[in-house]
Amino acid sequence: MLGISQGISRLSDRRSIESYRDLLILLVQKDLKIRYKKNVLGYLWSIASPLTFALVYYFAFQIVLQIRAEGYALILISGLFPWQWFANSLGSSPSYFLATSQMLRKVRFPLSIVPLAANLNNMIHFLLSLPVVLFMMLIYDKTPSWSWIYGIPILVTLQLIMLHGVSLILASLNVFLRDIERVAQIITQFTFFFTPIIYTVDMLPPEYLRWLPLNPAAPLMVNWRSLILDGTMDWGYVLFSVGYALLFLALGTWVFNKLSSRFAEVA
Amino acid sequence: MKKEPIIAFDQVSKSYPLYHHVRGIKHLMFNFKRNMKEMNANQYEALRNISFEIYEGEQFGIIGHNGAGKSTTLQLIAGVLQPTSGRVTVRTRVSPLLALGSGFHPDLTGRENVIFNGVLMGLTRREVMNRLDEIIEFSELGEFVDRSIRSYSTGMLARLGFSVVAHLDPKVLLIDEVLGVGDIRFRQKCIDKMMEFKRNGVTMVLVTHSTQSVMQLCDRAMWIHNHNVKMIGKSRRVVERYCEASGVPLPKRARDKKDEMLDFVEIEAPTI
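As you go down the protein sequences, you meet chains G and E in turn. The first sequence begins at 1 in our numbering and counts up by one. The second sequence begins at 268 in our numbering and counts up by one.
Hints in this document: simulated from the structure, not taken from any laboratory. Errors might be hidden in some of the hints.
[What the hints assert, rightly or not] Below, computed lysine to aspartate or glutamate pairings styled on DMTMM-like, alpha-carbon distance capped at 20 Å:
{"#": "1", "chain 1": "E", "residue 1": "Lys456", "chain 2": "E", "residue 2": "Asp374"}
{"#": "2", "chain 1": "G", "residue 1": "Lys30", "chain 2": "E", "residue 2": "Asp413"}
{"#": "3", "chain 1": "G", "residue 1": "Lys33", "chain 2": "E", "residue 2": "Asp413"}
{"#": "4", "chain 1": "E", "residue 1": "Lys497", "chain 2": "E", "residue 2": "Asp486"}
{"#": "5", "chain 1": "G", "residue 1": "Lys30", "chain 2": "E", "residue 2": "Asp486"}
{"#": "6", "chain 1": "G", "residue 1": "Lys33", "chain 2": "E", "residue 2": "Glu401"}
[Unchecked claim] Some chain E residues flagged as far from chain G (calculated, every beta-carbon gap over 12 Å):
{"#": "7", "residue": "Pro272"}
{"#": "8", "residue": "Gln278"}
{"#": "9", "residue": "Asn333"}
{"#": "10", "residue": "Val347"}
{"#": "11", "residue": "Val361"}
{"#": "12", "residue": "Pro363"}
{"#": "13", "residue": "Glu394"}
{"#": "14", "residue": "Asn495"}
{"#": "15", "residue": "Met498"}
On a predicted model such as this, the values are computed, not experimentally measured, just so you know. Glycine residues also receive a C-beta, built at the ideal position from the N, C-alpha and C atoms.
Hey, can you work out the whole structure from these sequences and the hints?
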């Protein structure tokens, strides 16, 4: 009897920080395991996609359209790898809560942990793909810069916070409005071409350049490329990214708090 | 001496808007006004003004026809739904016995799922690890425990689910008809475990269509009819009236205690 009552006190209504942390770790591990257990080539698949796109764009723009840019291959790679993370997150966000509907209808747990784990996962995949970027640089006789040591953590953190905010919005809304998924796809396509990924900032006509910060993805992607290729960052753009990260996090938290108590009614 | 209730519903109502009127963002944008009006007008009332109390150590059954509001009541206790009006008080942590497969991931092994489920319910990983061997032994899954649960049979899934919940030291156990599977030997183990819970004063809330099980396992029962409490009282009396009203003969009384419990577990197919 005594043993049992001790067990009860541990199962108090408020979840301990340790349990929250463990749940987060398990959720991240779960996705990693599934991704890499299902096929031995799990890792290859996660880098095959940006590499293939790089190849396709290289053919279309360098070989066919003969774009005037030095080292276009690296330009593509330094743009497409961070973008891949961005696009993957946008694309999978809408399904985060719907995919756990079985659980959230039965058990009470902090729901925002689901998108958080998914976003951490996407971040890990991006970090794991960085050696490929490094490898390509070495092939093209470029060397990495010391500024990566602080530059990468800064940009990773900003992108993570921003994507977490965005995914809270998309995942929450999609529980009620199922076609948010389609909207997210369109937004992703739209953003892709309005962001300097397959072209550089310098190629933008000046009258368009000043509108660039209006695109939340652009400051991040511009900095990713300059960090990877030259080891520099535009601090003005970093500030824009900080602003967007906080804005989306606040917006996402607000939407989530408004809607999350009703998820179990629909999902 | 009057004990304080561990779960209390005070004039609780729950209605949902019927979200299918919204359908999607396209629909919402083009008919925004009409949609919002429709949504607010077409509320589905799942529970209307119900009040009841459950005391510590009590076995409480909830019966009623399909769609009467039984599962909604359970979800309110579990805290995954918020009442539209009224007050739901739950003074302790509740452990829902998960319906088959929910909360399990098919690509993970049985062992990994046990850990995941325990932590999902609020334990720490360390606490689950301390009980892991016990849980696995209880589940009798043998070598299957290290295979992905995709290969499990329905009965094996149920065994895993019950084993996890049974070893989390639940204080309040919520059961929504999930015990009807598993082979005869495992059923007996579940029964023993349930009796142990009962002896140790674990509160149980049992939602079921099996009047037999309510009479045999529960001290008190509540009959929900048309989203409203029709009757609360000694389980036998409630079941009698419920059967009478439904035009179904009362299940015959079993003699031996063990037999009774066997009947209870045998009757219902699980809701998945």
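Do the hints match the structure? See the list:
1. E:Lys456 - E:Asp374: 27 Å, violated
2. G:Lys30 - E:Asp413: Cα-Cα ~15 Å, so holds.
3. G:Lys33 - E:Asp413: 14 Å, holds
4. E:Lys497 - E:Asp486: Given pair E:Lys497, E:Asp486 holds - Cα atoms ~17 Å apart, limit 20 Å.
5. G:Lys30 - E:Asp486: Distance of about 41 Å is beyond 20 Å: violated.
6. G:Lys33 - E:Glu401: 25 Å, violated
7. Pro272: 16 Å, holds
8. Gln278: 20 Å, holds
9. Asn333: E:Asn333 is indeed farther than 12 Å from all Cβ atoms of chain G, at 18 Å.
10. Val347: Per Cβ check, E:Val347 is inside 12 Å of chain G; nearest 4 Å; violated.
11. Val361: 8 Å, violated
12. Pro363: 5 Å, violated
13. Glu394: With a cut-off of 12 Å, E:Glu394 comes too close to chain G, as the shortest Cβ separation is near 7 Å.
14. Asn495: 20 Å, holds
15. Met498: The claim holds: E:Met498 sits with its nearest Cβ about 27 Å from chain G, beyond 12 Å.
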